[in-house]
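Asks: In case you want the letters, here they are:
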Amino acid sequence: MKRKREDIPPPPAPDATPSRRSRVKDLTANPGTPSKTNGTPRKAVSFLNEPSETELGRSPRTPRQKQINVDDNDSTADPPIVRNANRSARRKSVRNMIQRSIREDLMDEEDGFEEEDNLAQRIFDDEDAGSSESDSDDERSTAAAGTSTPAKKPRGRQKKKKEKSPPPVVTIEGPTAYFEQNGSRARPSSTTATLPPLSPKTYFRLLEQHEDKHAADVEHLSSLHKANFDQWVFELSQGFNILLYGYGSKRKLLMEFIKKEAAIGNHVVVVNGYVGGLTVRDIVNMVVNAVLGMNHGVKFGVNVNEMMDSVLQILDEHRDKDEDKSVTLLVHSIDAAALRTPQTQALLAQLSSHPSIRLIASSDNILSSLLWDSSTLTLFNFIFHDATTFVPYDLEISAADESEGIVDVITGGTAGRSGRSGAKGVKYVLASLTGNAKNLYRILIATQLTAMEDDGAGKDKMGTEAYGIAYRTLYQKGLEEFVCSSDLVFKTLLKEFYDHQMVTSRKDLQGSEVLWAPFRKEELESILEDIMLG
Amino acid sequence: MDTDSVLNDESGSLEHQACYIYTPTSEALSLSTPKKRRAASSSRTPRSKREKIDPKNCETVGGQGHGFPTLLRDLEDEDAVNARYEAFQRLWRDVERRTDDVLAQVNDETLQSVSTFVSKASQEIYGEKLPTGLILTGPNIAAHSVLFQQIETRIQSVDKRGRVAILTSKDSSNLKNVLKKIIRCVTEIHDGFDDEDDIVEAKTGRNPSRYNYDPEIIHDWCSTHPNTKVVVAVQDTEAFDPAVLVELISILHQYLPKIPFILLLGIATSEDIFYEKLPHSTIRLLRGDRFDVQRFEESMEQVFEEAVLSSRSVLKLGPRVSDVIFERQKDHTRSVSSFVMALKYAYMSHFYANALSVILGSVDSEESVDHILSDAHCEAIRNLPSFKPFVEAKVSTFPWRARDLLTSNKALKSAVYTASRECQRYSTNLAEAINLFRKLQSIVSPQQANEIPTYELYSRILWGEFTTRPAFRDAMLTTKKISSEKFHTLLSTLSDLPSELSSTLSTAAEKVQELQSEKAAKGSSLVSEFALPDSHRTTVKSGRVRLDEQKSRMTSQDTEYQKLVTSTVQQLETYFKDRFKPYTNLFLHEIFFYDLKSPHSQVFAAKPRPSVERALSRPGDYLGCACCGGNEEEAGISASQPYAAILYQLYLESPALIGVYDLWSAFRVVSLGDKAEDQEADEDDEEEKELQAQFYRALAELRYLGFVKYSKKKTDHLVKLAWKGL
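Chains A and B, in that order, give the protein sequences. All residue numbers for the first sequence refer to UniProt numbering, where the first residue is 1 and numbers rise by one. All residue numbers for the second sequence refer to UniProt numbering, where the first residue is 1 and numbers rise by one.
No wet-lab data here; the hints were simulated from the structure. Worth double-checking, as some hints may not be accurate.
Computed beta-carbon distance windows for the label pairs [what the hints assert, rightly or not]:
1. Asp455(A) x Ala626(B): 56 to 66 Å
2. Lys226(A) x Ser119(B): 52 to 62 Å
3. Asp455(A) x Asp241(B): 47 to 57 Å
4. His210(A) x Ala243(B): 56 to 66 Å
5. Lys176(B) x His210(A): 52 to 62 Å
6. Lys388(B) x Asp373(A): 45 to 55 Å
7. Tyr498(A) x Asp289(B): 32 to 42 Å
8. Asp316(A) x Gln294(B): 43 to 53 Å
By construction, the Cβ of each residue, glycine as well, lies at the ideal position given by its N, Cα and C atoms.
From just these sequences and the hints, can you work out the full model?
Replies: Set out below in structure tokens:
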């Protein structure tokens, strides 16, 4: 079946999108009326009356069609079965269409549809018709029967009607979806079009301008959470720690909440977990600062575990002196990249288990629960609350480590290549390198550009192995230009490029190493220009 | 504000403070220290200005002290709220104290034997071998640190046998660190926390200076502290780096003649695994003993009896919530402390949210009940589900009293007092009966008693269905069948327990004793018809013949014994059936039994992924807006949904490898709706750009949430990481 599908010409929907099918209009809205463009009348009723065994037999993968076969004589007799069959057939057809429309592209599809394909299309149409039309049983059964019978004649392209049908519901989920979507080898989209890049400035300006259509609802949602603040305070005061989860940034909510804690007179330490480069030491230091004041003069050892021991001791002493004043530790995104190591989590758990520490944290990643083993979890003593806010994660995604941040998405990530730093990043890196390194990189991309030029590559063409330069050749050129004096120096220079993913290499068939810069031609040109000018 | 700071971040300034101390009120305060100023002048500044806290507001919070809300539509008076809080504090502290006592005793046996081991260990017994105690701690790693703390306190402070150094796998990075830690623990020299290999200055002139990881330091310390032992305890042996452990053991062994080392190893798995991990040469250096820690089930049962069944615990768990709690225990945590926390949460949630829980605080005297209940309370009591059957039962017998209950608060209050007594009596009786039944079970069928702990019977019993269960009928049938000696032991054991049956049981026991001695004089033992060996003959006739034969051999004592057995079992059965009535029959059971399933099932198990998936696939569920198809059975994608939700649903339909451009065009079509048809993609169009910005943000969010990552294989492609519902 897989193979068969691959042979099929592109789907009727001319677009490459998963949801274009939602634009597919329903033909059965006027049953019996010939379709305007293709001239093929939909003889739904006649399909009902003349079920063809052979046709049915041709699609063995839908066992439910047999049910329909049974119903054929009197399809109105048992609408539920028909409807069920209809639904499942529809589900399947949706799946087919999605798959095809995703992998296919803007290729033309004049004629020659496979029946299966056509069927899928029409099942879909019929369902739309069924839902949009009156609930008359008669009509529904007609439509249902129509859907379950394969079409005989290939149909031509359907032109879009202006009337808008409700978007279809896709019900494949869970394991079915997994196997379905992984079933065939993942087919990349064959479109070469890329998204036009958006400068960060425009991005933020546009987002700021934008008025959220759900502002009021979001506000209401957060007011619901705020109603629980008293309860949270109570839970914290009873020695539990709180973890919030759910979609949406919980920053604002927590900052609101923390006012309550501060009002009780607790010291509040705020930790922005999403900030890259945050370490447990910072947190622990800040806790100590909160307890002892800034200039406490206590020094800690290099070993973090020892440090934790002494901090806990300090907290004990503090508790003896000042019983009801505790430290509230607010951790935004406790599952952020900076805090993700088991070691860090264990230390945080140890800290949070101290009676004078109250921890309230938020977690965002869908797999955040996997961070903790039973021992840390017992120490954390979490109370979990669903705090879905629907507030965009603006700060979190922008402040996160570059590899996860929005800036990457805008500048490099989607707009050209998949890697950490875009071509823009390369310039920054080069700016910080020595002249020799710059020269070496210049040689590399100049050679690569020449090769690309010879090949007549367009400006969007990516640098690939074909345009690469052999390791030895590059070394020789480097020697000639006095960029490097020995193999060792050369390697050191290259390492810097590797580290910033400015260069990629592979052993070719002869076993000699080939190097190239994985950027588009356009980008290479601009980098080259920069080096020459700088 | 957020976008502002993002912009600033982009321009390169250090706007994002990783962590800082939150200063809610005054800027002046934060100026006093440089660090605080930095925090205040960062992106927080606008916020902290805005977030000035109304001083009055803090006072009200501080004055109230607890934060319990005013319930009953704000009709609850302040005294009642405070009384509620006070009742919670008092009752929970009591439970906590008692459970702590139980928990302290849980490890007592182990501690005792470890302590004896340590005190006895000497060179005379173990010779050149290193005295080693293997402590089989069981799989609950959360409890291990507690146990080792107890060992430390026991040896160090109670027995005063010497010093204990507890090592965990975190310390096992290298031998030097391990030795340093041991030395620090033993000598209590805190030499400035430096990680340098400092030379410890000799305190007395005759000792040379040494490195701070030199075990000779311990030797010096030992020479000043005679008759002390040095215990090195490894808490998690499995996780400890084996190479370091081997080296550590060999060092300890080498210093054994100089320093009286004792090694304790905590083993969570089994001895065999431990032996496999170390080379034979190392194991040969060790000699010692093993110690078992009490099983989880046993300690759990003890805590349960003390915290829930005991008559001193006024609030009981209802069957639903206990099912939730114990299922979690059984399947996930297996830790007593987490049970205590769950119990605490039950108390918290009951007193926090149930206005009538105030009654629990004043069950002891009618006056205080009378005093604390306001009219609003009375109205709330009349609205309880258990009030209706209570009054209806009264209507037939005492109609005037039923009317009183409905009209007069005074009558209701006294009824409340009586009912609360009744509830307590029920609980006491229940605990007594459960205790009796467990004893019976442990004698009659010990195996079954081991398999099903008390806390699992508890919810069945509360539902009142336990007496119809096979477990109960089995126990009763086996009681009939057991031998006369066992029956006697059973009777005498049961009669020792406090119950209304105890006198009956003890007379029965005497009777059995009497009959037994009579029969013993004849050289045989008592047999009842029930205890006759089962006939395996197939035909009814032959079976009957056999039975008749055996029956004919029964003496008068036997017949009498049989009567006794029948009547006793009958009595026991009625007794249990009487005690194991469903708790829902009681008036006010809503107050004395906490039985809300939902807070526990939600609060103790995070469901981050389902919650995010639901929010994104059916945003209407959370937003409650009309536009997102909140009431439709299956909400699909629609342009009105939040952008992230649209993108997520497109994502769901996509295959494992997603082209970003495809995703974008789909996103565009859905978001723009009909307009997408009319206008071709125009890159400079402002609306298009704006949509694009939303797309980027939604995509970055999906990535931040962990749904996608960039494909390394192909540019501009995303790899799908999560399938909904999988």
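Asks: Indicate, hint by hint, whether the structure satisfies it.
Replies: How the hints compare with the structure:
1. Between Asp455(A) and Ala626(B) the beta carbons are some 57 Å apart, a value that agrees with the proposed interval 56 to 66 Å.
2. Between Lys226(A) and Ser119(B) the C-beta distance comes to about 59 Å, which sits within the given range of 52 to 62 Å.
3. Separation of Asp455(A) from Asp241(B) is about 55 Å and conforms to the stated range, judged on CB atoms against 47 to 57 Å.
4. Evaluation of the 56 to 66 Å hint for His210(A) and Ala243(B) yields a pass: the beta carbon distance comes to about 59 Å.
5. Range check, Lys176(B) to His210(A): about 58 Å between beta-carbon atoms, so the 52 to 62 Å window is met.
6. Restraint check, Lys388(B) to Asp373(A): a C-beta distance of roughly 49 Å satisfies the suggested window 45 to 55 Å.
7. The hinted range of 32 to 42 Å is not satisfied by Tyr498(A) and Asp289(B), whose Cβ atoms lie roughly 57 Å apart.
8. Between Asp316(A) and Gln294(B) the beta carbon distance is about 29 Å. The supplied range of 43 to 53 Å is therefore violated.
Comparing the model with each numbered hint stated earlier shows that hints 7 and 8 do not hold.
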